[in-house]
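A.B. asks: Sequence:
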Amino acid sequence: MANEAPSRVIKADKSSLLELKNACDEALKEYLESKAGYKQSHKHTDIKLALGYLGCIFAAAGSYYGYVHPFELPATKFWTGVSVALYYLFNALMMAYSYLVEKDVIFTGSKTTPDGTQTVSVSSSVKHYNPYYNLDIHIEYSSSPNSPTKIKKSAHQRFSTAFQFWYDEDGVLVNDYFEADIKKFFTNTEAAKTE
Numbered sequence: 002m003a004n005e006a007p008s009r010v011i012k013a014d015k016s017s018l019l020e021l022k023n024a025c026d027e028a029l030k031e032y033l034e035s036k037a038g039y040k041q042s043h044k045h046t047d048i049k050l051a052l053g054y055l056g057c058i059f060a061a062a063g064s065y066y067g068y069v070h071p072f073e074l075p076a077t078k079f080w081t082g083v084s085v086a087l088y089y090l091f092n093a094l095m096m097a098y099s100y101l102v103e104k105d106v107i108f109t110g111s112k113t114t115p116d117g118t119q120t121v122s123v124s125s126s127v128k129h130y131n132p133y134y135n136l137d138i139h140i141e142y143s144s145s146p147n148s149p150t151k152i153k154k155s156a157h158q159r160f161s162t163a164f165q166f167w168y169d170e171d172g173v174l175v176n177d178y179f180e181a182d183i184k185k186f187f188t189n190t191e192a193a194k195t196e
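All letters in the sequence shown, in the order written, are residues 2 to 196 by the numbering used here.
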């Protein structure tokens, strides 16, 4: 029997709900990839990076054009203005994507099962002055392409747990408690699947 590598120690400031949430988000991602077998999709990050890089490319092009041509020329002012406008446009698109599409999603991924493919999307949130970690789990099941019958099922559940159940008095995340609850949440969600 192979020895499992010990989990890394995750510590957070117990007086900061955002820090507690971010620590739980990281632990949840690690659990889903290493123990639940999901392969993370970086689609949201890739889209935001592409928008950010496009904005920077236009800003750099405008800077270069302004560097090689005197700024007093009308064409230089025009192209500098266009590059600045495009930079802000792509940054606005990136922020809109984060706010309207990605929202609170912290993990999207999939894994292959004997019956087909299982895709998961997990969102997390905390409310001001409310020490509860709120999880929204959405799982979709689809049969394998070789299957004679095409089956598509989904499950959606929400869970909320107080941070105090997962952290010790020093602010260290107790992985055994955390992972037991996460496993229970996923088991309950999988049991709720509907066609």
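Do not rely on the hints blindly, as some may be mistaken.
[Unchecked claim] Cut-off 30 Å, straight-line C-alpha distance, at most; resulting in silico cross-link-like pairs (DSSO-like, lysine-lysine):
{"no.": "1", "residue 1": "Lys128", "residue 2": "Lys184"}
{"no.": "2", "residue 1": "Lys153", "residue 2": "Lys104"}
{"no.": "3", "residue 1": "Lys184", "residue 2": "Lys30"}
{"no.": "4", "residue 1": "Lys49", "residue 2": "Lys151"}
{"no.": "5", "residue 1": "Lys36", "residue 2": "Lys49"}
{"no.": "6", "residue 1": "Lys185", "residue 2": "Lys44"}
{"no.": "7", "residue 1": "Lys36", "residue 2": "Lys12"}
[Said to hold, decoys possible] Quick list of the computed label-pair ranges, beta carbon to beta carbon:
{"no.": "8", "residue 1": "Lys104", "residue 2": "Asp177", "range": "46 to 56 Å"}
{"no.": "9", "residue 1": "Lys154", "residue 2": "Val102", "range": "42 to 52 Å"}
{"no.": "10", "residue 1": "Ala193", "residue 2": "Lys104", "range": "14 to 24 Å"}
{"no.": "11", "residue 1": "Gln165", "residue 2": "Tyr54", "range": "38 to 48 Å"}
{"no.": "12", "residue 1": "Gln165", "residue 2": "Ala97", "range": "11 to 21 Å"}
{"no.": "13", "residue 1": "Ser126", "residue 2": "Val69", "range": "29 to 39 Å"}
{"no.": "14", "residue 1": "His129", "residue 2": "Lys12", "range": "41 to 51 Å"}
{"no.": "15", "residue 1": "Lys40", "residue 2": "Ser155", "range": "31 to 41 Å"}
{"no.": "16", "residue 1": "Tyr54", "residue 2": "Ala76", "range": "57 to 67 Å"}
{"no.": "17", "residue 1": "Asp171", "residue 2": "Tyr65", "range": "18 to 28 Å"}
{"no.": "18", "residue 1": "Ser126", "residue 2": "Asp171", "range": "18 to 28 Å"}
To be clear, the hints were calculated from the coordinates, so they are not data collected in a lab. Quantities reported herein were computed from a predicted structural model and do not represent experimental measurements. Ideal placement from N, C-alpha and C gives every residue a C-beta, glycine not left out.
A.B. asks: At the C-beta level, are Lys40 and Ser155 separated by a distance inside 31 to 41 Å?
C.D. replies: At 19 Å between Cβs, range violated.
A.B. asks: Lying within 18 to 28 Å: is that true of the beta-carbon distance Asp171 to Tyr65?
C.D. replies: violated (52 Å)
A.B. asks: Given the hinted pair Lys128 and Lys184, is their alpha-carbon gap at most 30 Å?
C.D. replies: holds (23 Å)
A.B. asks: Please work out if Lys36 and Lys12 have their alpha carbons no farther apart than 30 Å.
C.D. replies: Status holds; Cα separation ~20 Å.
A.B. asks: Please check whether Tyr54 and Ala76 have a Cβ separation lying inside 57 to 67 Å.
C.D. replies: Taking Cβ atoms as reference, Tyr54 and Ala76 lie about 26 Å apart, which means the hint is violated.
A.B. asks: Between Lys36 and Lys49, is the straight-line Cα distance small enough, at 30 Å or below?
C.D. replies: holds (28 Å)
A.B. asks: Within 30 Å, alpha carbon to alpha carbon, are Lys184 and Lys30?
C.D. replies: holds (13 Å)
A.B. asks: Does the hinted range 29 to 39 Å hold for Ser126 and Val69 at CB?
C.D. replies: violated (48 Å)
A.B. asks: Given the hint that Lys185 pairs with Lys44, does the C-alpha gap stay at or below 30 Å?
C.D. replies: Distance of about 27 Å is within 30 Å: holds.
A.B. asks: Using the beta carbons of Gln165 and Tyr54, state whether their distance is inside 38 to 48 Å or not.
C.D. replies: holds (42 Å)
A.B. asks: Could you see if the CB distance from Ala193 to Lys104 stays within 14 to 24 Å?
C.D. replies: holds (22 Å)
A.B. asks: Mind checking the alpha carbons of Lys153 and Lys104 for me, to see if they're no more than 30 Å apart?
C.D. replies: holds (25 Å)
Checked against the numbered hints given earlier, this structure breaks hints 4, 8, 9, 12, 13, 14, 15, 16, 17; the rest are met.
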